[in-house]
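Chemist: Sequence:
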Amino acid sequence: MGGNSPCASCKLLRRRCAKDCIFAPFFPSDDPHKFAIVHKVFGASNVSKMLQELPVHQRADAVSSLVYEANARMRDPVYGCVGAISYLQNQVSQLQMQLAVAQAEILCIQMQQDAPLVNQQMAMEPDDKSFLLHNNLAALPQFINFPSSSNVSQDQPLKRESLWT
Numbered sequence: 014m015g016g017n018s019p020c021a022s023c024k025l026l027r028r029r030c031a032k033d034c035i036f037a038p039f040f041p042s043d044d045p046h047k048f049a050i051v052h053k054v055f056g057a058s059n060v061s062k063m064l065q066e067l068p069v070h071q072r073a074d075a076v077s078s079l080v081y082e083a084n085a086r087m088r089d090p091v092y093g094c095v096g097a098i099s100y101l102q103n104q105v106s107q108l109q110m111q112l113a114v115a116q117a118e119i120l121c122i123q124m125q126q127d128a129p130l131v132n133q134q135m136a137m138e139p140d141d142k143s144f145l146l147h148n149n150l151a152a153l154p155q156f157i158n159f160p161s162s163s164n165v166s167q168d169q170p171l172k173r174e175s176l177w178t
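As numbered in the working numbering, residues 14 to 178 make up the sequence shown, in order.
Read the hints as simulated data drawn from the structure, not as lab findings.
Be a bit skeptical, because a hint or two may be false.
What the hints assert, rightly or not - Derived PhoX-like pairs (lysine-lysine); straight-line CA-CA distance at most 25 Å:
hint: 1; residue 1: K32; residue 2: K47
hint: 2; residue 1: K24; residue 2: K53
hint: 3; residue 1: K24; residue 2: K62
hint: 4; residue 1: K32; residue 2: K62
Using the sequences plus the hints, can you model the full thing?
Modeler: Structure (structure tokens):
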């Protein structure tokens, strides 16, 4: 940047901002918090080394990732982004389980509704196979009439927790 307005990193570090300052394109002076959080988590020297090792066209994405990870580390110092990813994966698994239970319940209800039709068809065509099927259908309702709260507790609604507040 050079001149009158040093970049956020040079302001924070209280040094003169050179023309070729590696931080200037990514940490403008009007957003000092962005560099402050990255500096606190990674250190200015490490960030500088990382940026110097990258091609110029990849640096903006790297800075974006560093800022995101630094923010996540401030919220969760132990796990950072991994904690957020783990939380979301766990939530997806729970929702997939609930969906599977709901689909199974729908299938059971459909089977119960279709059972009278199958019984009528078997009465019309009595052969060995239909006789076995008819006898087994009588016991089927006891296996498919499970409570709607089979594996999912409906007593406690899902908590909506925010990772970002």
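Chemist: Going through the numbered hints above, which ones does this structure break? Give me the numbers in ascending order.
Modeler: Result: no hint breaks.
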